[in-house]
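The task is simple: from the sequences and hints, build the whole structure.
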Amino acid sequence: MGNTAELLPGTLDLLILKSVSLGKLHGYAVLLRIEQITAGALQIQQGALYPALYRLERQGLIESEWGVSENNRRAKYYRLTTLGRQRMRDEVASWNRVSEAMATALRATSQEI
Amino acid sequence: MRSVLAQVRAFWRGLRRPSQVDADMSDEMRFHIEMEAQRLQQRGFSTDEATRQATIAFGGVEKYRGAGRDAFGFTWMRGMSIDFKLGFRMLRKYPGLTAVALFALSLAIGAGAAYLEFVNDLLHGKLPFPEANRIVGIQVWDQESGDPDPKQTANFVAWRDSLRSIEELAAYRALDRNLITEDGRAEPVRGVEISAAAFHIAQVPPLLGRPLQPEDERIGAAPVAVIGYDVWTARLGSDPEVIGKSVRLGKASYTIVGVMPANFGLPSTHSVWVPLKVSEGFYPRRQGPPTRMFGKLAPGATISTAQAELTALADRAAADFPATDRLLKPVVLPYVESLWSAVEDSRMQILVFYSANAFFVGLLALCGANIATLVFARTATRDVEISVRTALGASRARIAGQLFAEALVLSSLAAIVGLAVGSFALKWVKGVVNVGMGQLMFWWNDRLEPETFLYAAALAVFAALIIGVTPALKATNARVQDRLKQSTGATSGGLKFGGVWTAVIVTQVAVTVMFLAVVGMLGWSTYVTKGGDRNRNFPARDYVALRLMLERDDFDTVSPDQVDAAYRNRLRNTYAEFARRLSVEPTVAGATYGTRLPGMNFREMFVEIEGRQAVTPAYGQFLHTGSVGVNYFETFHSSLVAGRLFTEADGAATSNVAIVDQTFVTTILKGQEAVGRHIREMPQEGQAPGPWLEIVGVVTDLTDPTNKRPGESLLFRPAPAETTVPLYMAVRARTDVAAVMSRLRVIAGEVDPSARLTEMMTLDAVGAADLVALDFFARLLAGVSMVAMILATAGVYALMSFTVARRTAEIGIRVALGANPRRIVTATFARAFTQVTIGLVLGGIPAAAIVAAIGPEVAATNGGEVAIWTCLVSLVIVAIVTAIACVFPARRALKIQPMDALKTT
Chain U
1 MGNTAELLPG
11 TLDLLILKSV
21 SLGKLHGYAV
31 LLRIEQITAG
41 ALQIQQGALY
51 PALYRLERQG
61 LIESEWGVSE
71 NNRRAKYYRL
81 TTLGRQRMRD
91 EVASWNRVSE
101 AMATALRATS
111 QEI
Chain F
1001 MRSVLAQVRA
1011 FWRGLRRPSQ
1021 VDADMSDEMR
1031 FHIEMEAQRL
1041 QQRGFSTDEA
1051 TRQATIAFGG
1061 VEKYRGAGRD
1071 AFGFTWMRGM
1081 SIDFKLGFRM
1091 LRKYPGLTAV
1101 ALFALSLAIG
1111 AGAAYLEFVN
1121 DLLHGKLPFP
1131 EANRIVGIQV
1141 WDQESGDPDP
1151 KQTANFVAWR
1161 DSLRSIEELA
1171 AYRALDRNLI
1181 TEDGRAEPVR
1191 GVEISAAAFH
1201 IAQVPPLLGR
1211 PLQPEDERIG
1221 AAPVAVIGYD
1231 VWTARLGSDP
1241 EVIGKSVRLG
1251 KASYTIVGVM
1261 PANFGLPSTH
1271 SVWVPLKVSE
1281 GFYPRRQGPP
1291 TRMFGKLAPG
1301 ATISTAQAEL
1311 TALADRAAAD
1321 FPATDRLLKP
1331 VVLPYVESLW
1341 SAVEDSRMQI
1351 LVFYSANAFF
1361 VGLLALCGAN
1371 IATLVFARTA
1381 TRDVEISVRT
1391 ALGASRARIA
1401 GQLFAEALVL
1411 SSLAAIVGLA
1421 VGSFALKWVK
1431 GVVNVGMGQL
1441 MFWWNDRLEP
1451 ETFLYAAALA
1461 VFAALIIGVT
1471 PALKATNARV
1481 QDRLKQSTGA
1491 TSGGLKFGGV
1501 WTAVIVTQVA
1511 VTVMFLAVVG
1521 MLGWSTYVTK
1531 GGDRNRNFPA
1541 RDYVALRLML
1551 ERDDFDTVSP
1561 DQVDAAYRNR
1571 LRNTYAEFAR
1581 RLSVEPTVAG
1591 ATYGTRLPGM
1601 NFREMFVEIE
1611 GRQAVTPAYG
1621 QFLHTGSVGV
1631 NYFETFHSSL
1641 VAGRLFTEAD
1651 GAATSNVAIV
1661 DQTFVTTILK
1671 GQEAVGRHIR
1681 EMPQEGQAPG
1691 PWLEIVGVVT
1701 DLTDPTNKRP
1711 GESLLFRPAP
1721 AETTVPLYMA
1731 VRARTDVAAV
1741 MSRLRVIAGE
1751 VDPSARLTEM
1761 MTLDAVGAAD
1771 LVALDFFARL
1781 LAGVSMVAMI
1791 LATAGVYALM
1801 SFTVARRTAE
1811 IGIRVALGAN
1821 PRRIVTATFA
1831 RAFTQVTIGL
1841 VLGGIPAAAI
1851 VAAIGPEVAA
1861 TNGGEVAIWT
1871 CLVSLVIVAI
1881 VTAIACVFPA
1891 RRALKIQPMD
1901 ALKTT
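Listed in order, the protein sequences are those of chains U and F.
Going left to right, the first sequence walks through residues 1 to 113 as this note's numbering numbers them.
Going left to right, the second sequence walks through residues 1001 to 1905 as this note's numbering numbers them.
If a hint is listed, it holds; no wrong ones were tucked in.
Quick look at which bits of chain F chain U covers, simulated, 3 or more residues with Cβ under 8 Å:
no., segment
1, 1022-1030
2, 1056-1064
The list that follows gives simulated cross-link-like pairs (lysine-lysine, DSS-like), each with its CA atoms no further than 30 Å apart:
no., chain 1, residue 1, chain 2, residue 2
3, U, Lys18, F, Lys1063
4, F, Lys1126, F, Lys1329
5, F, Lys1474, F, Lys1093
6, F, Lys1063, U, Lys76
7, F, Lys1063, U, Lys24
8, F, Lys1277, F, Lys1251
9, U, Lys18, U, Lys76
Derived from the structure by calculation, the hints contain no laboratory data.
Note that the structure is a prediction, hence the values are computed from the model and not measured.
Note that beta-carbon positions come from the ideal geometry of N, C-alpha and C, so glycine has one too.
Right under this line is the structure:
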């Protein structure tokens, strides 16, 4: 597991928003999607996904409805709301700013100081 | 906005079905594990191993379900429901506190809610019609006089056809006539001449026949009438064949075309409707009969669009007819509000009516603060529980929430009890109003409106905030560590009754003293003065009291003076004939008249007595006066004490003679000779004084003279019936009063069909409505002072118990060291004694001031004495009651043994 990293605090919410922004998904599919888009680089405690989903739903960033899964099982599907899309845009922008700043900072050499 | 909505939705879902939400969560997580297991199986794991691995990877369903509940925000709700359960348990555990608090809170909440309901019904009653909120009233104000000008027939006709924002416009004028049935019985009814449009506005289908129609309004159309349910049942025997029959209203005859259902009384309390016949050019501007207007807003129109349109029309009329319409200003208001005549005044009145609610809110706050004292004392016994919970990490808000929930349970119960009691009280008050007015506004009902329930709920929350949160904040702010130490006996400290509670107890003792003194004084005056006034010195129940009026011909073909002269002439003849018929009637023993009958409120007057200027105050001597028939005193068995009675000659012309009662002689003249003295009414605001009158006789009082004040003495003047306004008659029955009543109607109908006998009742019932209202007020005050008293007692008791509980150890040690028990009690309770004493003094001073101010007004000659006694008695009562509240805790303190003290530490 040398190539996986711990999840930074606060990033799970953004990952969930990103996952459901690509289409409606049930909880397990969200997990798979995160694994897929991060190429399995991030470690998530699977159960921790659900409190995060409920919190986002309560904040009105995602909404849910019950449906039928690919294997004909009752499953709860999540979808991004307009508010969620807006929030995601803001979060992404802020994330990019932070990561750029961090990257710049970490690239700094002794000559630049 | 959406996020709030989503939160509300999620919250609501959780509130409705928390177990369903739980089940959904489990299902969702189980699905996840199954899917993961399936994936692992595909990778070659056995079924069991795949499930095991998947469950481990998930990390514990129960744990995440708990976190999920937190994320949903349900946890605190679960906590709340436990708090509420605990609240109910607390109510059962402390029945004394529950009883006191329920009694006090339900009185305060119930009274507040009932009052709001009453005021809302009065000012903003809802008409029981479809689309009732579109029904508006229109007033036309004369800005010169500052009053509404009711003579708007010309405008009504013009507006009826031209207004766009008001689709139907109706007008009406009162038609107070006798309804005379075939058997000759003539009884007054409240009728109106009204536009047929009114029935279209109301959209209430008639029970029988048809409503009025526009054709009925044509000049020359056959006279028709629609009658109300009460007239149909009471006067026409619910005759199903009544349509087409004729009925007489005063002198005119009408064909009945319809019967309206019960609870239809448009415009307010009416039960006979005949068409209002007006047409264009019928009346010049601002002339014609006085009418009121109302209408129905067109779909989409509002009061302000209607107002704008009317203002525009009025501006045009002002330009076209400057002489008459220049200063007229139409005003559109919701229907019920429009019945309150003056706009500016009514806004003020409405404000006054609503702000009176502050009294009940204040009462509730006071009750709440008192109960908070008790709750705080109880909380003190849970000191350890609270400290431990705080130490274990319960937040201050969480503990406050728990105490709030407990208080909310209490105040909600009180609100339910209060609403039930309040709705009974309302029915009763409306009954009183009914007696007073003869009829209730037709939109009044016994249901409580939703606003009232909301208000009661808000009051309950308000009370719970005071009762629960204040003690909670006090209980949680002390340093927990200290209190934990204290609970293990390490040190003294813990909860204290601080300055706030001292203030509460002092205030409640003071308020109780004031309430008791004022209520005592008012109660005393109600009982003695009013009761005395109504204790007539003759068998009042054998007399029929009634008011006699004739229908007026008030059409403006003649001048008002001519109308009055003609009216007086008719009244003289009618009364003379009526009296003659009564004198030969075998069931009638006698009849007389006056502007007032014994027991009614006579007119008040300031007089100047000749030769007594030095004694009478500069503004005159206050007394009561009335004009009466010459046989008034004989009819009421009042006997002559000095001088002579009135003669026929006195009654026929304006003679300057007067007769006074004995109270006048004893209280004003202090026993001096009255006959031969001259007396006159003091001049009022720039007017000349009345003529000098010679007192020719003294008669015994008509009502119980005990405790009468000078102002209650009576001065009578003789007057012929036609100048006696209002003309009240008293008829003494020889046998059955009820039989005489119905006989009177028949005789009056025969003498003059336009003679209206109103306010007919036995004389002992006269003034009963006033008395009932006074009685109600006295009872309300008595209830409030009882609450104040109970709360004061309970508060002092709580303080004492609390002190004893807190100082058990100290007292025990002092007893062990051989201290004198009396000194222990004194020392322990010194603070409480001080608080009660301060309360007594603080309440006693204003109480004395108030009582001294109203004392002479309500009490007779010995007003000052009564005031002092009332005050003293109130003080003593409160002192005794609070002393009793101290007895039990004191006994407990005296019984404390050193061993008990050791046990508690």
